[in-house]
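J.: If you want the building blocks of each chain, they are given just below.
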Amino acid sequence: MSAGSQGGLPPAASQHSLTEIIKDAGLWALVTLGLCFPLIAFRTEQNLSLQTALEPRPLLVLLTVAVVFVGRLLWRLYAHPSRPRRVLFPPLDLSEHRRRYGPRIGLALLLLFPVLALAFAGQGGAIKWINNFGVQILIYIMLAWGLNIVVGLAGLLDLGYVAFYAVGAYTYAIIAAYVIPATVPMLGPWAFWICLPLAGILAAFWGMLLGFPVLRLRGDYLAIVTLAFGEIIRLVLINWVALTNGSAGIQTPYITFFGLPFTSRSGQTTFSETFGLSGSPTLHRAIFLYYVVLALALLVAFVTQRMRRLPVGRAWEALREDEIACRALGINTVNTKLTAFAMGAMFGGLAGCIFGASQSLVSPRSFEFMESATILAIVVLGGMGSLLGIAIAAVAIIGGIELLRELDWLKAVFGSGFDPTQYRMLIFGLAMVLMMVWRPRGLIAAREPSISLNEAKAISSAHVKEGHG
Amino acid sequence: MRWLRDPLLVVEGLTMRFGGLVAVRDLAFSVGRGDITSLIGPNGAGKTTVFNCITGFYKPTSGLMVLSTDGPIQSQAVADLTASSRRFVCRDDKIGGGGLFLLERMPDFEITRRARVARTFQNIRLFVGMTVLENLVVAQHTALMHASGWSLVGLVGAQSYKQAEASAVDVARYWLDRIGLTHRADDAAGALPYGDQRRLEIARAMCTDPVLLCLDEPAAGLNPRESLALNELLRAIRDEHGTSILLIEHDMSVVMEISDHVIVLEYGIKISDGTPDSVKNDPRVIAAYLGVEDEEVAEAEAEVGL
Ligand SMILES: Nc1ncnc2c1ncn2[C@@H]1O[C@H](COP(=O)(O)OP(=O)(O)OP(=O)(O)O)[C@@H](O)[C@H]1O
Ligand SMILES: [Mg+2]
Chain F
1 MSAGSQGGLP PAASQHSLTE IIKDAGLWAL VTLGLCFPLI AFRTEQNLSL
51 QTALEPRPLL VLLTVAVVFV GRLLWRLYAH PSRPRRVLFP PLDLSEHRRR
101 YGPRIGLALL LLFPVLALAF AGQGGAIKWI NNFGVQILIY IMLAWGLNIV
151 VGLAGLLDLG YVAFYAVGAY TYAIIAAYVI PATVPMLGPW AFWICLPLAG
201 ILAAFWGMLL GFPVLRLRGD YLAIVTLAFG EIIRLVLINW VALTNGSAGI
251 QTPYITFFGL PFTSRSGQTT FSETFGLSGS PTLHRAIFLY YVVLALALLV
301 AFVTQRMRRL PVGRAWEALR EDEIACRALG INTVNTKLTA FAMGAMFGGL
351 AGCIFGASQS LVSPRSFEFM ESATILAIVV LGGMGSLLGI AIAAVAIIGG
401 IELLRELDWL KAVFGSGFDP TQYRMLIFGL AMVLMMVWRP RGLIAAREPS
451 ISLNEAKAIS SAHVKEGHG
Chain Y
470 MRWLRDPLLV VEGLTMRFGG LVAVRDLAFS VGRGDITSLI GPNGAGKTTV
520 FNCITGFYKP TSGLMVLSTD GPIQSQAVAD LTASSRRFVC RDDKIGGGGL
570 FLLERMPDFE ITRRARVART FQNIRLFVGM TVLENLVVAQ HTALMHASGW
620 SLVGLVGAQS YKQAEASAVD VARYWLDRIG LTHRADDAAG ALPYGDQRRL
670 EIARAMCTDP VLLCLDEPAA GLNPRESLAL NELLRAIRDE HGTSILLIEH
720 DMSVVMEISD HVIVLEYGIK ISDGTPDSVK NDPRVIAAYL GVEDEEVAEA
770 EAEVGL
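Residue numbers (the working numbering), protein chains in the order written: chain F, 1 to 469; chain Y, 470 to 775.
These aren't lab readings, by the way, just hints derived from the structure by calculation. Treat the hints loosely; a few may be bogus.
Calculated lysine-lysine pairs in the DSS-like style (CA-CA distance at most 30 Å, straight line) [as the list claims (entries may be wrong)]:
#1 Lys465(F) - Lys528(Y)
#2 Lys411(F) - Lys128(F)
#3 Lys465(F) - Lys631(Y)
#4 Lys631(Y) - Lys457(F)
Pair by pair, the computed Cβ-Cβ distance ranges are [said to hold, decoys possible]:
#5 Ala79(F) - Asn592(Y): 54 to 62 Å
#6 Asp475(Y) - Ala228(F): 52 to 60 Å
#7 Asn592(Y) - Ala462(F): 18 to 26 Å
#8 Glu726(Y) - Glu455(F): 38 to 46 Å
#9 Gly690(Y) - Pro103(F): 42 to 50 Å
#10 Met432(F) - Ala660(Y): 27 to 35 Å
#11 Leu434(F) - Val491(Y): 49 to 57 Å
#12 Lys528(Y) - Asp220(F): 51 to 59 Å
#13 Glu455(F) - Asp475(Y): 43 to 51 Å
#14 Val31(F) - Ala660(Y): 39 to 47 Å
#15 Asn592(Y) - Leu410(F): 52 to 60 Å
Backbone N, C-alpha and C define an ideal beta-carbon position, used for all residues, glycine too.
Sequences are here, hints too, so could you generate the full structure?
T.: Here it is, written out as structure tokens:
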């Protein structure tokens with residue numbers, strides 16, 4: 001079958017007759033022609049009397065069809081169908097030393113991030129970098145790790161995860177802005193630390209509450225009901241004006257350094273005064289907030305990794321693999337699902353509490369369906385179940401969206417009316433499509449076993465199930 | 470005739486209806502303690518349905534299923550339990566402790582957990598994305614859950630949980646040795662060849678420490694050599710572990726060789742029940758299996774007095 005033996009014909013043509021290839025290209029051209037009619041054959045034009053008129057564009061159609069015909073022809077003639085498909089992104093190599101040092105290097109970078117930001121961006125720039133990138137991304141990492149328990153480990157598709165984020169944020173907002181000043185104003189500076197556990201507990205409670213009605217639902221039905229739950233919570237936040245101040249939102253106090261405020265109100269001694277620090281209090285607050293989120297995110301990672309090695313964690317994964325087999329092994333699937341919902345929701349609530357303390361305003365606008373979709377996208381892109389993959393995906397997606405805001409120089413290219421953030425969804429969607437083509441199971445698709453007899457081998461995603469509710 | 474003298478499980482009047490279809494009709498049989506009991510019958514006879522009722526996956530339309538892990542079944546105790554609204558009585562209220570269980574009242578996971586009935590499935594149901602070892606450790610969920618103090622003790626990394634996990638791994642290692650899969654302990658269960666998956670599913674069921682093991686066509690798709698090894702394994706489970714086995718099997722050579730007791734179903738009705746020899750020569754069984762002329766059936770029925 002060597003191509004050389006076929007004389008002057010191009011290699012691929014040796015397998016198919018020329019007429020067949022031309023026919024095929026003709027078919028493609030025909031389909032293109034059909035598609036052209038609604039899409040590019042006409043252009044709407046407003047004429048002088050302000051009426052809309054259709055202007056035909058036969059030349060453009062002809063050109064498109066010709067390009068498709070010739071392109072397909074050349075593709076069939078010269079593309080080598082037998083050549084193995086080039087793998088653009090080979091699976092990440094999880095060899096021993098990478099597995100050992102990768103997380104450590106990542107951790108070191110995370111710990112040094114504020115210092116690096118200060119060094120490279122100066123005082124003014126560092127605030128932006130630490131708040132917009134560091135804190136934002138870490139909050140999303142926490143959220144995604146929380147959702148990962150429900151979706152990635154237990155295999156329950158939850159489209160309303162943002163509800164628990166909202167519960168956490170509003171717990172902080174209501175208690176810190178209304179309840180504490182009205183009852184024991186003394187505790188004011190400690191609001192964040194009081195609200196943090198409360199937010200976690202309340203979110204876990206709501207997670208269970210959502211869990212009960214959806215226990216029997218699977219797959220698409222589960223997704224729809226959780227989606228509705230997310231919307232219900234948001235609508236309640238908008239409409240229960242007496243408690244939540246409706247769509248106007250609640251002004252929240254900022255986080256304090258264990259009781260010491262960063263910016264002084266009513267003559268309290270501030271953090272920088274106490275420690276004799278110079279520099280902007282906003283920067284101090286940003287750095288402190290960053291380390292608080294980092295500590296909590298690491299706690300979430302630690303708890304998740306521990307849980308995976310506990311019977312509940314293994315039961316979550318077994319549930320994703322085969323619910324009926326679980327029941328035959330004496331696993332109470334109801335409790336297992338509820339704990340997954342509760343744990344996931346709790347992490348979401350913690351992230352929400354931090355969000356509330358990092359923002360001066362908590363409003364329902366922050367908890368729209370788009371947030372749930374983004375968090376789910378992070379989990380799916382990262383590789384369901386893989387903490388490291390999810391962290392990378394969060395950096396890429398959230399960092400990428402934030403970076404778009406920074407691309408001001410594009411205005412010079414596309415004109416001053418150009419706003420790169422408007423293309424966010426377009427780029428996001430494109431990235432999703434490409435990822436699903438190249439890495440349908442996410443960045444780190446292989447599963448780490450929770451226990452091993454001799455040597456732990458990563459399990460190929462070909463075997464791991466995705467769960468179906 | 471141990472199934473009459475000392476039954477582990479007694480089923481009476483079991484009926485399972487799916488809409489208009491009666492899959493099992495008024496079925497009564499017992500499983501002897503320490504026996505290998507085979508449930509055979511043509512396709513669609515209702516064998517799997519009987520399994521699903523015993524293991525709680527289906528709630529039977531009517532019927533009584535009594536299992537005792539605490540010595541012989543006393544009819545007075547059964548009558549008392551049935552009259553009460555309880556699902557079971559345990560000697561000491563510990564999970565896994567001996568007791569008397571009304572299976573038709575219990576949910577599936579509780580039947581495995583408390584009444585210690587384990588099962589395999591006609592279409593293998595392994596956790597294919599988990600390792601072979603993980604499959605066997607998940608099966609010890611109940612014991613490990615206890616040891617992990619419902620996760621709280623385990624979460625702080627307590628030594629007691631680590632010990633419990635280590636002994637769970639020992640149990641798993643024992644069963645891996647028994648089925649000859651130790652060298653594949655860290656591979657995905659889905660990567661095993663079919664015969665190994667069948668054996669792994671049996672080992673996984675044994676890791677729940679059952680008194681009754683229900684196997685749904687364990688020899689299906691095995692080659693003759695694997696089938697022979699399976700016979701050995703089943704005998705060892707009965708003799709060394711004292712686990713009684715309830716077996717659905719189509720391969721008559723396997724059934725006749727290892728069974729102590731054979732029950733034959735056809736269209737959801739029991740047509741024969743006894744030792745392998747008596748069942749083998751039962752004309753109704755022969756008729757059901759080979760399919761015979763109508764007159765022969767009439768003859769055979771006349772012979773057994775119908
Ligand atoms: N969930 C169900 N819903 C409706 N009908 C069912 C259900 N389960 C079983 N049946 C019916 O009950 C009858 C008995 O089925 P069952 O699976 O118990 O047969 P079986 O003896 O195990 O057969 P096989 O040897 O083919 O496995 C069949 O007619 C089947 O279609
Ligand atoms: Mg069957």
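J.: It remains to establish, for every hint, whether it holds in the given structure.
T.: Tested hints:
1. For the given pair, Lys465(F) sits about 29 Å from Lys528(Y) by alpha-carbon distance, which is consistent with the 30 Å threshold.
2. With a C-alpha separation of about 21 Å, the suggested pair Lys411(F) and Lys128(F) falls inside the 30 Å cut-off, and the hint holds.
3. A distance of roughly 28 Å separates the Cα atoms of Lys465(F) and Lys631(Y); the hinted pair therefore holds under the 30 Å criterion.
4. Distance restraint check for Lys631(Y) and Lys457(F): the Cα-Cα separation of roughly 21 Å lies within the 30 Å cut-off, and the hinted pair is therefore satisfied.
5. Taking the beta carbon of each, Ala79(F) and Asn592(Y) are about 42 Å apart, not inside 54 to 62 Å as hinted.
6. Distance hint for Asp475(Y) and Ala228(F): a CB-CB separation of about 56 Å, consistent with the stated range 52 to 60 Å.
7. Checked against the given bound of 18 to 26 Å, the beta carbons of Asn592(Y) and Ala462(F), roughly 19 Å apart, stay inside it.
8. Taken as a hint, the range 38 to 46 Å holds for the pair Glu726(Y) and Glu455(F), whose Cβ atoms sit roughly 40 Å apart.
9. Roughly 43 Å separates the CB atoms of Gly690(Y) and Pro103(F), a value that falls within the hinted 42 to 50 Å.
10. Taken as a hint, the range 27 to 35 Å holds for the pair Met432(F) and Ala660(Y), whose Cβ atoms sit roughly 30 Å apart.
11. At about 56 Å, the beta-carbon gap between Leu434(F) and Val491(Y) stays in the expected band of 49 to 57 Å.
12. Between Lys528(Y) and Asp220(F) the CB atoms are about 27 Å apart, so this pair departs from the stated range of 51 to 59 Å.
13. The hint said 43 to 51 Å for the Cβ distance between Glu455(F) and Asp475(Y), and at roughly 47 Å that hint holds.
14. Distance hint check: the CB atoms of Val31(F) and Ala660(Y) are about 42 Å apart, consistent with the given range 39 to 47 Å.
15. Distance hint for Asn592(Y) and Leu410(F): a CB-CB separation of about 56 Å, consistent with the stated range 52 to 60 Å.
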